[in-house]
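**Q** So the sequence lines, in the order shown, correspond to chains A and B.
For what it's worth, my numbering labels the leading residue of the first sequence as 1, then goes sequentially.
For what it's worth, my numbering labels the leading residue of the second sequence as 525, then goes sequentially.
Source of the hints: derived by calculation from the structure; they are not laboratory data.
Even for Gly, the Cβ is constructed at its ideal location relative to N, Cα and C.
Mixed in with the good hints there might be a few duds.
A few chain A residues that face chain B, going by a derived Cβ cut-off under 8 Å, partial list only [what the hints assert, rightly or not]:
no., residue
1, Leu74
2, Ala77
3, His218
4, Tyr228
5, Val232
6, Ala235
7, Gly236
8, Ala373
9, Ala374
10, Pro422
11, His423
One-sided excerpt, in silico: chain B residues whose CB lies under 8 Å from chain A [claimed, not checked]:
no., residue
12, Glu635
13, Thr704
14, Gln707
15, Gly737
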Amino acid sequence: MARGSIALVLHAHLPFVRHPESTTSLEERWLFEAIAETYLPLLDVLEALEHDRLDVRLTVSISPTLLAMLTDRLLRARYLVHLDALVQLSEREERRTRPEPRWHRCAELYLRRLTRARSRLLDHWHQDVAGAFRAFQERGRVELFTTAATHAVLPLLATTPEWVRAQIALGMAEYRRYFGRPSAGFWLPECAFDPELDTELARGGARWVVVDTHGLTHATPQPVYGAYAPVVTPAGVAAFARDPDSATQVWSAEAGYPADPWYRDFHRDIGFDLPAAALHPLVPEEHRSPTGLKYHRITGDTPHKDAYDPERAAERVAVHATHFVEARRAQVDWLCRTMDRPPVVVCPYDAELFGHWWYEGVDWLEAVLRRLAAAPDLDATTLSADLDRHPVLQRAMPAASTWGARGYHAVWLNPENEWIYPHLHATAERLARLCRTSRHPVGPVARALCQAVREILLAQASDWAFMMARRTSAEYATRRTVDHLRSCQRLCDAVEGRTIDESALAVLEERDALFPALDPRVLD
Amino acid sequence: MGSTNRAGTVSTALELLRDLVETAGRRLQEHLVPLLENLQALILGRSASRQLPVPEDVGAPTWKAPEPAAAPPPVHGELPRAYGQSRAVLMARDPWWLFAHWEVPPVRRVEVLRALGAEGEGTREVLRVYEVVADSSASWDVDLEAGAERADIHVERPGRSYRVEVGLRTAAGRFVCLVTSNQVTAPPAEPSRDTTVHWVTLGQNHRTAESTGDWSGRRVAASATATALAPAGEPDAIGSTPRASDALPLR
């Protein structure tokens with residue numbers, strides 16, 4: 001009989017990046033890297049666990065923008081071209097490194113994994129990554145859920161409440177359109193909660209959300225079980241809280257598992273180390289970029305990096321998986337002395353941490369799930385299953401909070417990015433007014449309004465403000481923000497002035513091609 | 525409204541404003557004439573042609589022309605400099621800091637200054653911050669640089685509600701509001717003092733029913749689960765649990 005539950009929650013999200021106007025968009029590679037390094041390996045893990053009939057569950061959110069990209073014909077085709085080039089590069093690397101065993105064992109590993117990934121993608125999943133996840137859900141192996149339409153930090157839109165409603169409603173609608181059922185959960189982007197969101201989340205149909213630890217420990221009134229049982233808000237939405245201990249063990253850049261010196265170093269990559277001629281055509285000479293083929297391990301806090309040893313890394317995976325499960329066991333044992341119900345330890349992570357940032361992460365995840373399956377006292381559960389088993393909850397309103405650095409909005413509202421908000425707020429208000437006054441639009445006016453809604457939603461993505469704050473791809477993020485705002489403003493001008501240029505509209509519709517069923521009444 | 529009609533309406537409005545300016549005092553004219561010229565140029569799509577004058581130092585503080593931006597906002601492309609609507613937005617960055625941005629169309633300032641008449645000499649633009657309490661609103665002023673459109677506001681009390689007004693404060697201390705913001709509540713920085721316990725059974729469609737909960741009265745200590753958050757006024761010391769965005773850089 002399980003004494004406590006461990007709820008592993010993966011949030012899979014990427015901003016919508018699609019550039020049909022360019023043949024060499026490096027930003028599209030974010031999707032390609034995530035497919036090869038995170039999503040395909042995760043599917044393999046789900047299949048292996050199912051094959052071995054292990055009763056463990058995961059909860060996984062797939063953002064609407066990620067879903068749009070995974071199902072996009074152009075991006076699928078481009079990904080295959082990219083994957084072919086990567087496989088060819090790995091074949092060349094396998095040949096080139098034969099004289100050096102310490103590099104060759106890595107090259108062999110990559111060739112094997114990439115060849116398998118290509119085969120699995122084409123022959124087994126039929127290029128339908130999202131469909132593969134859907135099939136696992138339909139067989140009860142995973143609970144999938146949704147998030148805001150373009151992953152906007154919802155409290156920062158609170159002064160334009162119709163857009164909060166639109167982000168939630170469209171996120172829910174896109175999930176339902178693709179997965180054929182309503183989403184029980186709603187991933188709050190950046191775990192950003194504010195009491196003002198409560199009624200909108202309920203209205204949108206969210207049965208549960210996840211907040212950061214202090215979102216619950218600072219809730220009103222005080223939750224008696226801290227972060228280890230959900231509460232229910234006044235509007236009837238259940239709120240689970242992130243466990244800080246399991247967060248530190250995985251997320252900490254200094255002390256977490258991914259920092260182990262035997263794990264693969266992220267930054268040393270042949271895309272920067274080898275001559276350009278050896279990398280052609282995958283890496284353009286004028287824009288060196290990572291390939292995912294990396295030969296070094298973290299080693300330590302030193303610029304000198306030793307060769308990566310896959311076998312030693314695998315040993316560390318086993319050690320860390322055991323450590324993680326034992327730490328959860330100790331938590332549950334301690335909590336059971338106080339709690340009147342089994343504790344639920346919620347462990348949410350960005351999905352892309354596993355396999356991409358932390359190369360061994362997916363192997364670790366599988367090892368953890370297998371150990372949980374073998375542990376009679378611990379139950380790897382989904383959040384919906386926990387609610388079904390324990391529907392008696394304390395009523396409380398979580399506190400405003402995020403899982404961002406410093407616990408609130410400093411990441412998305414600071415001198416690097418605060419300039420966007422006057423433009424976002426003014427443009428969103430204007431478009432909302434226009435949608436309200438344009439009753440029953442048809443033809444080009446309807447199309448223009450729909451596209452204007454897409455553009456402002458895309459401008460609202462939290463990813464751009466994050467990149468500006470972190471100064472990574474900041475110029476790209478700025479350009480995306482400005483482009484979407486200007487596109488929205490021009491469309492509003494065109495609708496108001498009755499001067500819609502249908503060919504220009506078609507260009508935008510082709511480029512920012514997501515949410516095909518969008519209706520401006522989503523603002524109502 | 526078609527673009528031709530719109531331009532005509534704007535021109536008529538500007539002519540009316542010129543009439544008002546010509547009847548205004550000398551000091552007011554010094555500021556308003558070039559402002560109107562720049563406004564007209566912006567609306568009609570031409571580049572601004574005149575620098576705003578730096579007023580003479582005549583002792584009493586006066587409204588100062590905005591300094592050219594040393595570091596213009598990092599925008600590419602052609603985002604509007606302003607949107608022509610009175611708007612003030614207040615956002616909570618964390619328990620101790622709020623962020624406000626606002627826009628006051630020039631005609632609104634002109635209208636208020638005209639109404640103030642001679643009292644308008646020596647006004648100062650300020651941000652008045654209100655802590656919203658049930659029966660009253662305590663407030664304090666933050667002096668603004670000329671042309672300011674954003675401000676960071678430090679608050680002493682997390683968990684309280686606030687709103688702001690951008691306005692003009694006369695030399696005699698009278699405050700005239702230009703634009704009012706929304707109300708925002710700063711997040712709490714510590715566990716709630718409310719320890720009441722109310723159990724419900726969560727059913728379908730967010731419905732809840734009263735429940736006894738079978739609670740023993742034992743609590744999991746908040747300190748055992750929560751990260752140690754900084755005490756009020758020390759946001760930089762916030763606690764130990766790494767956040768998603770603390771981890772390896774996104775890209």
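**Q** Hint by hint, say whether it matches the structure.
**A** Cross-check of the supplied hints:
1. Leu74: Since the shortest Cβ distance to chain B is 21 Å, the answer is violated.
2. Ala77: Violated - the Cβ of alanine 77 of chain A stays beyond 8 Å from chain B, reaching only about 23 Å at its closest.
3. His218: 5 Å, holds
4. Tyr228: 6 Å, holds
5. Val232: 5 Å, holds
6. Ala235: 6 Å, holds
7. Gly236: Since the shortest Cβ distance to chain B is 3 Å, the answer is holds.
8. Ala373: With a closest approach of 26 Å, the alanine 373 of chain A hint is violated.
9. Ala374: Check failed: Cβ of alanine 374 of chain A comes no nearer than 27 Å to chain B, outside 8 Å.
10. Pro422: Nearest chain B Cβ about 5 Å off; hint holds.
11. His423: Holds: closest Cβ of chain B sits about 6 Å from histidine 423 of chain A, inside 8 Å.
12. Glu635: With a minimum Cβ separation of about 21 Å from chain A (threshold 8 Å), the hint on glutamate 635 of chain B is violated.
13. Thr704: Status violated, d = 12 Å.
14. Gln707: Since chain A brings no Cβ nearer than about 10 Å to glutamine 707 of chain B, farther than 8 Å, the hint is violated.
15. Gly737: Result: holds, 6 Å to nearest chain A Cβ.
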